[in-house]
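J.: Whenever a hint applies, use it, and build me the whole structure from the sequences.
If you're matching positions, the sequence shown starts at 484 in our numbering and goes up one per residue.
Calculated from the structure, these hints are not laboratory results.
In this text, a Cβ means the ideal position worked out from N, Cα and C, and glycines have one as well.
The calculated label-pair distances, taken between Cβ atoms and stated as ranges, are:
(1) Ala543 <-> Val495: 35 to 45 Å
(2) Lys497 <-> Pro539: 28 to 38 Å
(3) Val498 <-> Ala525: 16 to 26 Å
(4) His509 <-> Gln538: 30 to 40 Å
(5) His501 <-> Ser534: 17 to 27 Å
(6) Val518 <-> Arg540: 21 to 31 Å
(7) Val518 <-> Ile492: 16 to 26 Å
(8) Val502 <-> Gly533: 21 to 31 Å
(9) Asp537 <-> Glu490: 33 to 43 Å
(10) Lys497 <-> Leu536: 31 to 41 Å
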Amino acid sequence: MIALAMEGIKEVEKVVDHVMHIPTTHPVLAPILSVVPLQLLAYRMAVARGSDLDQPRNLAKSVTVE
Numbered sequence: 484m485i486a487l488a489m490e491g492i493k494e495v496e497k498v499v500d501h502v503m504h505i506p507t508t509h510p511v512l513a514p515i516l517s518v519v520p521l522q523l524l525a526y527r528m529a530v531a532r533g534s535d536l537d538q539p540r541n542l543a544k545s546v547t548v549e
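T.: Right under this line is the structure:
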């Protein structure tokens with residue numbers, strides 16, 4: 484299991500296999516700081532699975548013609 488936690492929080496390490504730490508900041512800004520590590524995690528998981536990153540499955544193409 485993978486978790487995302489602010490620096491200095493050690494309790495999380497006891498219950499998960501891997502922890503990604505983000506800098507300690509105001510709680511309102513924490514979601515903004517967590518976006519980049521989570522996007523990198525998703526990217527690396529897709530590469531490890533061998534997924535086509537340029538043409539994801541189940542992505543519907545929508546075109547509006549006037």
